[in-house]
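**Q** Now for the letters of each chain:
Number of protein chains: 2
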Amino acid sequence: MAMDWEKKYCERASAMYGSMTRQLMHLIADPEVISFGGGLPAWDLFPVDSVKAITNAIFEGDGPAALQYGTSEGYLPLRQAVAERYREKGFAIGPENVLITSGAQQGIDLMSKLFIDKGDVVVVGDPTFLTALQSFSLFQAEYLSAPLDEEGMQVERLPEILEKHNVKFIYVMPNFQNPSGITLSLERRKRLMDMARQYRVPILEDDAYGELRYSGEALPALKAMDTENQVIYLGSFSKVLSPGIRVSALIAPEETMEKLVFAKQAADLHTDNLAQRIVCEFIERDLLDSHIRVIISCYRKRRDAMLKAMDRYLPKGVRWIKPDGGIFLWATLPRGLDSMALFEKAVKAKVAYVPGSCYYAKGGGEGDIRLNFTACDEEKIETGIRRLAEVIADSL
Amino acid sequence: MAMDWEKKYCERASAMYGSMTRQLMHLIADPEVISFGGGLPAWDLFPVDSVKAITNAIFEGDGPAALQYGTSEGYLPLRQAVAERYREKGFAIGPENVLITSGAQQGIDLMSKLFIDKGDVVVVGDPTFLTALQSFSLFQAEYLSAPLDEEGMQVERLPEILEKHNVKFIYVMPNFQNPSGITLSLERRKRLMDMARQYRVPILEDDAYGELRYSGEALPALKAMDTENQVIYLGSFSKVLSPGIRVSALIAPEETMEKLVFAKQAADLHTDNLAQRIVCEFIERDLLDSHIRVIISCYRKRRDAMLKAMDRYLPKGVRWIKPDGGIFLWATLPRGLDSMALFEKAVKAKVAYVPGSCYYAKGGGEGDIRLNFTACDEEKIETGIRRLAEVIADSL
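Each protein sequence line maps, in turn, to chains A and B.
Heads up: the first sequence begins at 1 in this note's numbering, then just goes up one per residue.
Heads up: the second sequence begins at 1001 in this note's numbering, then just goes up one per residue.
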């Protein structure tokens, strides 16, 4: 008799099914489709030669150590380098606050494991980073949400929630949020931190794109305003060095570290040692900041090319918010158009995006679309937006 | 007011505290201590030069791809190479059955996520691999166990359990089990698979050490006897290539793959791309089997040195089971001696082991010790066992 797997899976498994974006992305395997749907860094900017030289130096210097087991906390010189880097950004931390994770997604997974029982409340924005929602949902979180506007999450909606519920944490991406590209204003950052203090609620600050600013003034991270040690911060090297080698840093109050390290050990023992050493050496050789400048210079041009093409081609009634950084741009279709319904037409016209409803915890965003502006060059961006404009105009 | 983290943690967090072995291992930082406590591969055997050459070839061939995002399932050529390797061992599988994980520990974590609700029953051996227990416990599993003897898990104890409970899976390490070094006999493998079929229960087969056999005849994996697609198999490259780069393979029935891939995506998006390419190329260049022969030749000598020293030095009343492979050896102290109590004396005498009680799901093993025989050379092994013998003799 064949196995009855359904009888064996746990409750949590009901949330595990191929995600909408995975399915959509399979539709656009056609290389002629200009895809604004993904979130990939530009292929041509990876510092392959530097990483190769560094890797050779690692194997020549202490090869066996890179291939041997490491500690669950992470490679100490990297934890030190990370702590130093963030101290310069105003974080009151040391290496003892740094846990190296296998990408920021693992940081989200560890947070879910440590904080979320079935039915526990997590506060998110509307919209929110999809894969974070997937991780929280896997641990059976309940969502309460605050909508975003041009200044980011409407934090004035939070006290009502915080009064009534034992909110496990507020998940927020203050800089160039995925999917919206929106930045949380300074005023709202201050108010959010005031509320966090008043209601003694933890904040999970996801700063995947913070270093990629193309216009406007840099704002302090919530962690830099964290006088009561309430913020757990996710920094990532995916967008500024390489997402393929999966190295990020979770920065947390020391009193939470023992449990986080335990969860990390149970998750994968430790993060790839060779990758940790590559990132460490890339920072220590002082290559990171100059590489970030190269990325910023390229991505700024691409953002501007997309904004210009949108201005030029998109029909009246489409609205969008200019992002000051990051890799995404959020647009709203003219009233009555459904971005999910439009998707198939767009793919036929050889352009793709992600429908906005994918990013809503509890419904919404049917008229919105997420556009990535970093993976294609300026020419393709213009062509793609022109195609998109035609699809929208045809549907009006 | 300071954060009250305890109010925010979930129930699961009560299982997250520094593990006994982590604490014990901190005690033996003294380099003069000869430690049989760890589970590290030998430092001097890592194929640093080959891996360096391969890494250079990867960066020269397709560097950007190694640094870019990959798919959650894993690097397809590696999945193909793994499938081919295991087909030769009698597995009826293809690449569609292979999910690349960040070490076998992540495979255990994904299994916990997919199968274990609070209070669900997992069957384990007594003793069992500690970090697997930690992962199952984090998901609030209940354990039912069958003791091991010289032929491995006493599978004849299982029907009584399987009759009464909806067992989510049976966790078993058939070859050179961690911590005991014991191998499940062919007869018991057959009976276990018969029971799995009869009771339609999944089996999680952890084969971290299967390729490291020093004596006796190779036995078929449970997965090679899996006519009804019930076995989920964990293969690892940690012990035969490098644990530092964290690449393992989870081999599962196709119908379970969508959920496993979802869980993998939520855990860390995908495994380190550079590491996956290194392992793939190491297999494709036909370096793995010859490297395994080098490891076997070295570890066999070390095992034999430890057995010889034990014969020569250990006082009467100490019993042990000769392992046919792997990296651990299990010994039982003379009646009345407690291995946890003896540990401090041992460290003072500059030798260390892991007390057996660390490996019992629900108590037991107070008279047992786990000894690793692969991390030290023969001379150190002899010296270490002599010191251990003196400590035991002094305590009798």
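No wet-lab data here; the hints were simulated from the structure.
It should be emphasised that the depicted structure is a prediction, and the values quoted were computed from it without experimental measurement.
Mixed in with the good hints, there may be bad ones.
To be verified - Derived lysine-lysine pairs resembling DSSO-like cross-links, with alpha carbons at most 27 Å apart:
1) B:K1008 - B:K1052
2) A:K8 - B:K1164
3) A:K190 - A:K301
4) B:K1322 - A:K118
5) B:K1322 - B:K1301
6) B:K1380 - A:K118
7) A:K164 - B:K1007
8) B:K1345 - B:K1316
9) A:K190 - B:K1008
10) B:K1118 - B:K1164
11) A:K164 - B:K1008
12) A:K8 - B:K1190
13) A:K322 - A:K380
As the list claims (entries may be wrong) - From chain A, some residues computed to sit far from chain B (all C-beta separations above 10 Å):
14) A65
15) Q68
16) K113
17) D324
Claimed, not checked - Looking from chain B toward chain A, a few residues come up when the C-beta cut is under 7 Å (computed):
18) A1013
19) S1014
20) S1135
21) D1268
The C-beta atom is built at its ideal place from N, Cα and C for all residues, glycine as well.
**Q** Run every hint past the structure and note whether it holds.
**A** Here is how each hint holds up against the structure:
1. Taken as a hint, the K1008 (chain B) and K1052 (chain B) pair is broken in the structure, with Cα atoms around 46 Å apart against an allowance of 27 Å.
2. For a cut-off of 27 Å, the pair hint linking K8 (chain A) to K1164 (chain B) stands: about 15 Å separates their Cα positions.
3. With a CA separation close to 32 Å, the supplied pair K190 (chain A) and K301 (chain A) exceeds the 27 Å bound.
4. A C-alpha spacing of about 46 Å is found between K1322 (chain B) and K118 (chain A), which places the hinted pair above 27 Å, so the restraint is violated.
5. Between K1322 (chain B) and K1301 (chain B) the alpha-carbon distance is near 13 Å, which keeps this suggested pair within the 27 Å criterion.
6. Among the hinted pairs, K1380 (chain B) with K118 (chain A) is inconsistent with the structure: their alpha-carbon atoms are about 51 Å apart, more than 27 Å.
7. Proximity of K164 (chain A) to K1007 (chain B) is assessed by CA-CA distance (about 15 Å); at most 27 Å being required, the pair is judged to hold.
8. In summary, the hint linking K1345 (chain B) to K1316 (chain B) is supported, as the alpha carbons are separated by about 19 Å, within the 27 Å threshold.
9. Among the hinted pairs, K190 (chain A) with K1008 (chain B) is consistent with the structure: their alpha-carbon atoms are about 23 Å apart, no more than 27 Å.
10. The straight-line distance between the Cα atoms of K1118 (chain B) and K1164 (chain B) is roughly 18 Å, inside the 27 Å bound, and the hint therefore holds.
11. Under the criterion of a C-alpha separation no larger than 27 Å, the hint pairing K164 (chain A) with K1008 (chain B) is consistent with the structure, at around 15 Å.
12. For the given pair, K8 (chain A) sits about 23 Å from K1190 (chain B) by alpha-carbon distance, which is consistent with the 27 Å threshold.
13. Distance hint between K322 (chain A) and K380 (chain A) is fulfilled; the C-alpha atoms sit about 19 Å from each other, no more than 27 Å.
14. For A65 (chain A), the requirement that its beta carbon stay farther than 10 Å from each beta carbon of chain B is not met, with the minimum near 8 Å.
15. A Cβ of chain B approaches the Cβ of Q68 (chain A) within 10 Å, the least distance being about 5 Å, so the stated non-interface status is violated.
16. The non-interface label for K113 (chain A) is inconsistent with chain B: the shortest C-beta to C-beta separation is roughly 6 Å, within 10 Å.
17. Listed as outside the interface, D324 (chain A) is consistent with that label: its C-beta sits roughly 24 Å from the nearest C-beta of chain B, beyond the 10 Å cut-off.
18. About 5 Å separates the beta-carbon of A1013 (chain B) from the nearest beta-carbon of chain A, less than 7 Å, and the hint is met.
19. The interface hint given for S1014 (chain B) is violated, since its Cβ lies 10 Å from the closest Cβ of chain A, which is over the 7 Å cut-off.
20. Proximity of S1135 (chain B) to chain A holds as hinted, the smallest CB-CB distance being about 4 Å (cut-off 7 Å).
21. Given hint, D1268 (chain B) at the interface with chain A, holds; its Cβ is 4 Å from that chain's nearest Cβ, closer than 7 Å.
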